[in-house]
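Engineer: One letter stands for each residue in the lines below.
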Amino acid sequence: MKTETQNLNNANMARRAFLRYAGASTAVAGIVAMQACSKDNSAYEDDGSNSSGAIDVGSGDPGILNYAYALEQLEAAFYIQVVNSFSADFSAEERLLLTDIRDHEVAHREFFKAALGSGAIKGLTPDFSKIDFSSRASVLNTAKAFEDLGVAAYDGVASKIQNVDYLVIAGKIVSVEARHAAVISNLRSTGSFVDSDQVDADGLNITLGPTKVVATANTFLKTKISAKSFNF
Amino acid sequence: MNLFNVIENIEKIDPELGDRINPRRSAIRNMASFGSKVAVAALPFAFGTLLKKAYGQSLPTAIVDVLNYALTLEYLEAEFYNQGRAASGLIPASDKSNYFDKISRDENNHVAFLQKVLGSSATPKSAFTFDLTANGAFADVLSNYDTFLKVSVAFEDTGVRAYKGQVGAAKANADILTAAVSIHAVEARHAAIVRYVLNKKLNLGLKPWIVSTTTGNDTGIAAVNGNYEGEDNVSQAGVDITKLPATGTSASKASATAAFDEPLTKDAVLDLLVGSFIKLND
Numbered sequence: 001m002k003t004e005t006q007n008l009n010n011a012n013m014a015r016r017a018f019l020r021y022a023g024a025s026t027a028v029a030g031i032v033a034m035q036a037c038s039k040d041n042s043a044y045e046d047d048g049s050n051s052s053g054a055i056d057v058g059s060g061d062p063g064i065l066n067y068a069y070a071l072e073q074l075e076a077a078f079y080i081q082v083v084n085s086f087s088a089d090f091s092a093e094e095r096l097l098l099t100d101i102r103d104h105e106v107a108h109r110e111f112f113k114a115a116l117g118s119g120a121i122k123g124l125t126p127d128f129s130k131i132d133f134s135s136r137a138s139v140l141n142t143a144k145a146f147e148d149l150g151v152a153a154y155d156g157v158a159s160k161i162q163n164v165d166y167l168v169i170a171g172k173i174v175s176v177e178a179r180h181a182a183v184i185s186n187l188r189s190t191g192s193f194v195d196s197d198q199v200d201a202d203g204l205n206i207t208l209g210p211t212k213v214v215a216t217a218n219t220f221l222k223t224k225i226s227a228k229s230f231n232f
Numbered sequence: 001m002n003l004f005n006v007i008e009n010i011e012k013i014d015p016e017l018g019d020r021i022n023p024r025r026s027a028i029r030n031m032a033s034f035g036s037k038v039a040v041a042a043l044p045f046a047f048g049t050l051l052k053k054a055y056g057q058s059l060p061t062a063i064v065d066v067l068n069y070a071l072t073l074e075y076l077e078a079e080f081y082n083q084g085r086a087a088s089g090l091i092p093a094s095d096k097s098n099y100f101d102k103i104s105r106d107e108n109n110h111v112a113f114l115q116k117v118l119g120s121s122a123t124p125k126s127a128f129t130f131d132l133t134a135n136g137a138f139a140d141v142l143s144n145y146d147t148f149l150k151v152s153v154a155f156e157d158t159g160v161r162a163y164k165g166q167v168g169a170a171k172a173n174a175d176i177l178t179a180a181v182s183i184h185a186v187e188a189r190h191a192a193i194v195r196y197v198l199n200k201k202l203n204l205g206l207k208p209w210i211v212s213t214t215t216g217n218d219t220g221i222a223a224v225n226g227n228y229e230g231e232d233n234v235s236q237a238g239v240d241i242t243k244l245p246a247t248g249t250s251a252s253k254a255s256a257t258a259a260f261d262e263p264l265t266k267d268a269v270l271d272l273l274v275g276s277f278i279k280l281n282d
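Note that the protein sequences, when read in sequence, are chains Y and H.
Sequence positions in the first sequence follow the working numbering and run 1 to 232.
Sequence positions in the second sequence follow the working numbering and run 1 to 282.
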């Protein structure tokens, strides 16, 4: 776990490194543009995380685990509601798949809660007012968004995880999220599971940094979250 | 792409990078001063070229090993799908267009990507001979669609496990790690889909995720038991998933094993593949 001093040192190092590569005479516009590129800077976007009462997931590995815990809470809550009020349009096979996915997301949520112990953020209240649970299309659209978001979020944050055991756990979960993402996407539209919004031209899954992930997650949360303490 | 993290992380494992790319530093400064969105958007490509030129044969050995190992697996997968798609009458037209054209595209892209990153350190495909029948264990793999699907499932699930087994080794380079976990997620997308397609065809009760009960292997294909060894683990970072508060059957062994995919070591994967699917040429 990082101490505050270490975090400060890291921040200073990052700044030094930045200055070293950018060069002292770099145009200000260049710095701004490149920082926006390199730091996934949240200062220019209103992602809901600056509103009062947003829950800061924290820093270091615990912060990343809480970030994952928040996403898993959101997914679990969503699928619980999907299964509790299945749209009549879902086939028996689709219901089995969605019920399995619900159970996996609950296991992920409970795992993070247990692993974080007293360091866990509180239970989040979702806001699913934009979702029509009686509509198969609405449910699958949302499920695809959540699953693709989850995969992109785990892959996007993996390189920031310090403890290799947690890194492996993230790997164990992200591949299951990717399995969900593929099946959900294919149910929504046959043959869709590695589309260009999911996989890039090199065959790599799309990744997303915390700013975009938090912004999307917050559109489905009454209790907003923030990753403002991530120092990357 | 996070340019500064890339440079920093490479410097961590290769302090001499600065010297090696020194003639190009002025190029970086010039790019930094453009200050337009266009220039920033172009940076990853410019840097990709820079990285390749700066490194060539001198990527750190540990990273080269991880990448060449991945490349070997991708050669096998690409070869498998290329031959499968070319085999007359093997894959039904709709499955080809919906699924296997795309999976094949991704695997060939993985080969090209890894070759690009490795540059002249890439092990050539000619170093290997691929036997898609695995010494006859899957003799009709290119003439019987059921067999093709079963081998596809085993390859994809094993690919997921293999990449996951390398995250510790790839961790030394943030950019390589991100690429590895991103390929890994795509292999998992493939795995889920080929399991789905196989189940649609044979109605085996096979799920898109690996549901382990008595053993790790849920495919019913005894020849690949080793590929699933350890998938029945329910303990994650000291937390027993079957003891957690449950909704539905989330604490059952079946669900707990499906909710977490397990890694395989490089040695285990190579033991499974080398000598059967992969032959090393002299």
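Derived from the structure by calculation, the hints contain no laboratory data.
One or more hints might be untrue.
[Unchecked claim] Computed footprint of chain Y on chain H; a stretch qualifies when at least three of its residues, placed anywhere within it, have a C-beta under 8 Å from a C-beta of chain Y:
no., region
1, 88 to 100
2, 122 to 132
3, 149 to 158
4, 196 to 210
Positions of the beta carbon are idealized from the N, C-alpha and C atoms, including for glycine.
Engineer: A separate judgement is required for each hint: does it hold in the structure or not?
Structural biologist: How the hints compare with the structure:
1. 88 to 100: Holds: 3 residues of the region 88 to 100 of chain H have a Cβ under 8 Å from chain Y.
2. 122 to 132: That given contact is violated, which follows from only 0 residues of the region 122 to 132 of chain H lying within Cβ reach (below 8 Å) of chain Y.
3. 149 to 158: violated (count 0)
4. 196 to 210: Three-residue rule met by the region 196 to 210 of chain H, so holds; n is 4.
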